[in-house]
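Residue numbers (my numbering), protein chains in the order written: chain S, 471 to 802; chain P, 142 to 434; chain W, 15 to 298.
Misleading hints may appear alongside valid ones.
Derived pair list, reagent style PhoX-like, types lysine-lysine, alpha-carbon separation capped at 25 Å [to be verified]:
id: 1; chain 1: P; residue 1: 149; chain 2: S; residue 2: 574
id: 2; chain 1: S; residue 1: 600; chain 2: W; residue 2: 128
id: 3; chain 1: S; residue 1: 621; chain 2: S; residue 2: 647
id: 4; chain 1: P; residue 1: 144; chain 2: W; residue 2: 200
id: 5; chain 1: S; residue 1: 571; chain 2: S; residue 2: 621
id: 6; chain 1: S; residue 1: 480; chain 2: P; residue 2: 242
id: 7; chain 1: S; residue 1: 571; chain 2: P; residue 2: 149
id: 8; chain 1: P; residue 1: 326; chain 2: P; residue 2: 242
id: 9; chain 1: P; residue 1: 242; chain 2: W; residue 2: 287
Non-contacting residues of chain W with respect to chain P, defined by C-beta distances greater than 12 Å in every case (computed) [to be verified]:
id: 10; residue: 72
id: 11; residue: 79
id: 12; residue: 92
id: 13; residue: 212
Hints were generated in silico from the structure; no laboratory data involved. We put the CB at the ideal spot given by N, CA and C, even for glycine.
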Amino acid sequence: MATLKLDNVKKSFGKTDVIHGVSVDVEDGEFIVIVGPSGCGKSTLLRMVAGLETVTSGEVRINGKRVNDVEPMDRDIAMVFQNYALYPHMSVFDNMAYGLKIAKVPKPEIAERVQTAAKLLQLEPYLQRKPRELSGGQRQRVAMGRAIVRKPAVFLFDEPLSNLDAKLRVQMRLEIKALQRELGVTSLYVTHDQVEAMTLADRMIVMNAGVADQIGAPLDVYANPETEFVAGFIGSPPTNFIDAALVGGQSGRIGVRPEHIALSDTGLLTATVGYSEALGAETLVHLRTGDGAQITVRQDAALPIPGEGETRGLSWTDENVMRFDASGLRQH
Amino acid sequence: MEKRVTFKGIWLPLLLVLPQILITAVFFFYPAGQAIWQSLFIPDPFGLSMQWVGLGNFEFLLSDRFYRASFLTTAIFSILVTVVSMGVALYLAVLADRLIKGSGTYRTLLIWPYAVAPAVAGVLWLFMFNTRVGVVTWYLGILGYDWNHVLNEGEAMGLVVVASAWGRISYNFLFFLAGLQAIPKSVVEAAAIDGARFWTRFRTIVWPLLSPTTFFLLVVNIIYAFFETFGVIHTITSGGPQQATTILVYKVYSDGFVGQDLGSSAAQSVILLVIVSILTVVQFKYIERRVHY
Amino acid sequence: MAERNGMVEKRGSGLWLTHLGLIIGVAFIFFPIWLAFVASTVDQQDIVRPPMPLLPGDKFFENYGRALVSGVNAPVATMLWNSLVMALGIALGKIAISLLSAFAIVYFRFPGRKVFFWLIFLTLMLPVEVRIVPTFEVIANFGMLNSYSGLILPLIASATATFLFRQFFMTVPDELAEAARVDGAKPMRFFFDILLPMSRTNIAALFVILFIYGWNQYLWPLLITTDPEMNTIVMGIKQMFPSGDDFAHWPTIMATSILAMVPPVIVVIGMQKLFIRGLVESEK
Numbered sequence: 471m472a473t474l475k476l477d478n479v480k481k482s483f484g485k486t487d488v489i490h491g492v493s494v495d496v497e498d499g500e501f502i503v504i505v506g507p508s509g510c511g512k513s514t515l516l517r518m519v520a521g522l523e524t525v526t527s528g529e530v531r532i533n534g535k536r537v538n539d540v541e542p543m544d545r546d547i548a549m550v551f552q553n554y555a556l557y558p559h560m561s562v563f564d565n566m567a568y569g570l571k572i573a574k575v576p577k578p579e580i581a582e583r584v585q586t587a588a589k590l591l592q593l594e595p596y597l598q599r600k601p602r603e604l605s606g607g608q609r610q611r612v613a614m615g616r617a618i619v620r621k622p623a624v625f626l627f628d629e630p631l632s633n634l635d636a637k638l639r640v641q642m643r644l645e646i647k648a649l650q651r652e653l654g655v656t657s658l659y660v661t662h663d664q665v666e667a668m669t670l671a672d673r674m675i676v677m678n679a680g681v682a683d684q685i686g687a688p689l690d691v692y693a694n695p696e697t698e699f700v701a702g703f704i705g706s707p708p709t710n711f712i713d714a715a716l717v718g719g720q721s722g723r724i725g726v727r728p729e730h731i732a733l734s735d736t737g738l739l740t741a742t743v744g745y746s747e748a749l750g751a752e753t754l755v756h757l758r759t760g761d762g763a764q765i766t767v768r769q770d771a772a773l774p775i776p777g778e779g780e781t782r783g784l785s786w787t788d789e790n791v792m793r794f795d796a797s798g799l800r801q802h
Numbered sequence: 142m143e144k145r146v147t148f149k150g151i152w153l154p155l156l157l158v159l160p161q162i163l164i165t166a167v168f169f170f171y172p173a174g175q176a177i178w179q180s181l182f183i184p185d186p187f188g189l190s191m192q193w194v195g196l197g198n199f200e201f202l203l204s205d206r207f208y209r210a211s212f213l214t215t216a217i218f219s220i221l222v223t224v225v226s227m228g229v230a231l232y233l234a235v236l237a238d239r240l241i242k243g244s245g246t247y248r249t250l251l252i253w254p255y256a257v258a259p260a261v262a263g264v265l266w267l268f269m270f271n272t273r274v275g276v277v278t279w280y281l282g283i284l285g286y287d288w289n290h291v292l293n294e295g296e297a298m299g300l301v302v303v304a305s306a307w308g309r310i311s312y313n314f315l316f317f318l319a320g321l322q323a324i325p326k327s328v329v330e331a332a333a334i335d336g337a338r339f340w341t342r343f344r345t346i347v348w349p350l351l352s353p354t355t356f357f358l359l360v361v362n363i364i365y366a367f368f369e370t371f372g373v374i375h376t377i378t379s380g381g382p383q384q385a386t387t388i389l390v391y392k393v394y395s396d397g398f399v400g401q402d403l404g405s406s407a408a409q410s411v412i413l414l415v416i417v418s419i420l421t422v423v424q425f426k427y428i429e430r431r432v433h434y
Numbered sequence: 015m016a017e018r019n020g021m022v023e024k025r026g027s028g029l030w031l032t033h034l035g036l037i038i039g040v041a042f043i044f045f046p047i048w049l050a051f052v053a054s055t056v057d058q059q060d061i062v063r064p065p066m067p068l069l070p071g072d073k074f075f076e077n078y079g080r081a082l083v084s085g086v087n088a089p090v091a092t093m094l095w096n097s098l099v100m101a102l103g104i105a106l107g108k109i110a111i112s113l114l115s116a117f118a119i120v121y122f123r124f125p126g127r128k129v130f131f132w133l134i135f136l137t138l139m140l141p142v143e144v145r146i147v148p149t150f151e152v153i154a155n156f157g158m159l160n161s162y163s164g165l166i167l168p169l170i171a172s173a174t175a176t177f178l179f180r181q182f183f184m185t186v187p188d189e190l191a192e193a194a195r196v197d198g199a200k201p202m203r204f205f206f207d208i209l210l211p212m213s214r215t216n217i218a219a220l221f222v223i224l225f226i227y228g229w230n231q232y233l234w235p236l237l238i239t240t241d242p243e244m245n246t247i248v249m250g251i252k253q254m255f256p257s258g259d260d261f262a263h264w265p266t267i268m269a270t271s272i273l274a275m276v277p278p279v280i281v282v283i284g285m286q287k288l289f290i291r292g293l294v295e296s297e298k
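One chain only, chain S, in its complex shape (with noise of 0.2 Å):
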């Protein structure tokens, strides 16, 4: 039961501002995502919010409780790390049981609530063992258990699946978003996987260079996007962007997704066919237009695949025209 919210939180290194000034209100029990390409500053606001970086101006409160210089223990959180952090030489019990010891949570309730744990994530028969006699995703739902036995307010996950491998990693993401429904902890999730912010997020903040530049349920982002960033960094492959001169617009570029885009003999515009992928259900058609820019077209995959080096028209409907200014904002 928790509410976060953060009050224009900024963070400066030295001289070098690297977050710039973000706010959010985050529900309780729900699950938001922080998603952005490497060095936007997603982590450090995660870690803000834990107490491991100190804020530089701004307000993180926990339920409505000012927490800027409150110790991460005290703050009532749990985090799961990118690279789980587990103590090599603890057993996965006492993993999951040091923090509560550390609390002096009495040991009948300790054990119970690791018990608890362990049957949920299905831990049960490793609880003796050493962190590293266990599997990747073994070694996850530990640190995933580590952090619910604590019973905290939020929940913190910095990339927690990024060592995993593909087949893992949808299994887990999947689990993650099972648990986090079950037990209802207010969470948040920084990662640079874009399907992963879609499919775990309730809303999704997506950073870029220290700023958030939107923050929104992830259908809406992607049908929506309010900058030329998030518009390129959301949706795969990304929105395919033309200049706006070269369709009669005036300054500025144009977006439009590759699901938006049909081949045809005549067009808006030509392109030259460079490769195709055909995927099975889709084929993602590559073109180059005069002016050099890459065009990707997705397509049914009953359609016929043009050959390499014809010349194609592309065409698409208004209502599906994103346009941004030169600044990259998005033109209503």
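Let chain S serve as the given structure and place chains P and W on it in line with the hints.
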């Protein structure tokens, strides 16, 4: 390299380093300062007052025939100890490296003398070469050689060199063997296919690749010969005969504690300090410290 | 392993020559110790009438018993005990203060940190041999002559150990300290619960090296233990030689020499892996 994460607090870290600070201040820096200070004075014959002589002690030392002789003795002694112990160790390491099976057994058999104190090594060798009861002395006598390191300066030097080098072979062997085993076998095999015989292979391939280890051991062994062989000298010859085995460290001891010549002993300490500083800097600056393993 | 040396490996007579060379080396290493052992099992009369026998005699228990119980100036058992206290004191003392210093240097930012780092480095340049007289005076002024603290304290500052632990702490992932902070561990709790258990192999390896270093000290105990009851065994052997022209009592002296090397040799052979690791790492 710095840690990203640090704990807050100033008093706790200061408290943590306090024991080390106290020990180094009281037993390292204060005495070193005292040595430098005392080296500028001469105490009067009754030890009641000190007379300032500036660099007089140093001037006297450097013009002193015995001190200069001790310098030369130290140089000869260090070079001999280093060459003998490294030579034998390299020879054994090359042999052990050629074995497919059993090199581990030989390593176990060869490394443990590292644990034998130089002073104990001194007693062992003194016993073998004792002029009255020594076994080796007796057999040499049978062969017509009259061994007497108590009187013969060359024999005394030879004995302390061998006794000092003996215990050091383990250490050098260990590092040489590790260095040899780190050389990719494919390189040596390629040379063999090219028709190089063992000695050519060793000279043109193995030795150059081993040179970081060799240089490292050279410095470390010189430091050993300078400072850690006191026990050998003290047990076997006590610096004699006629100061033929009085190395610098032994002279600091004998002038300071036996001769009670504090000013001179302090000045000698300062000179040693300069030497060890140079060796330490060489060790840190010019040695790629990560070449072994 | 079979192809490790491949075609460069010696075959037949070459292989035997290799073994022969190594055996000669091993014999050279063993011979002085063998002689000492033989001398510690025979009668004084067997030795003073050279050549002494080359095979052990039947006086083993007599000689060792005499050495341990009465010795020459002091019972060797007492000297063994003194050596043990000194070696353990030096090894554990060095490890303790080095761990604390390294922890402070790596995990805190405090004024004077850089200066402190260089001060430790400078101690490398001040081996006890170059500061014997003034250090002796310090110990004398503290009234620590003929005491364990006098034997131990001046030798327990350690740049090597501090650097080694610093190096190791730098490789401990930052996230572990962060996880511990989130778990509510204060610095010292993190040190004892996480850092110390993670360092135990390093500590053990260093212990082997430092124990031998402490056990084998010679000059320092020679200076500050004038009371035979406080002699360590390594320096006490030399004290067993009579001044003047008397015959030394070789069986006792050689029994003592053997006793002086047994504990460190056991440590080296018993903990060979840790020993090699400690040796290589402390020289890095």
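Structure versus earlier hints - violations, ascending order:
Per hint list: 2 and 6 violated.
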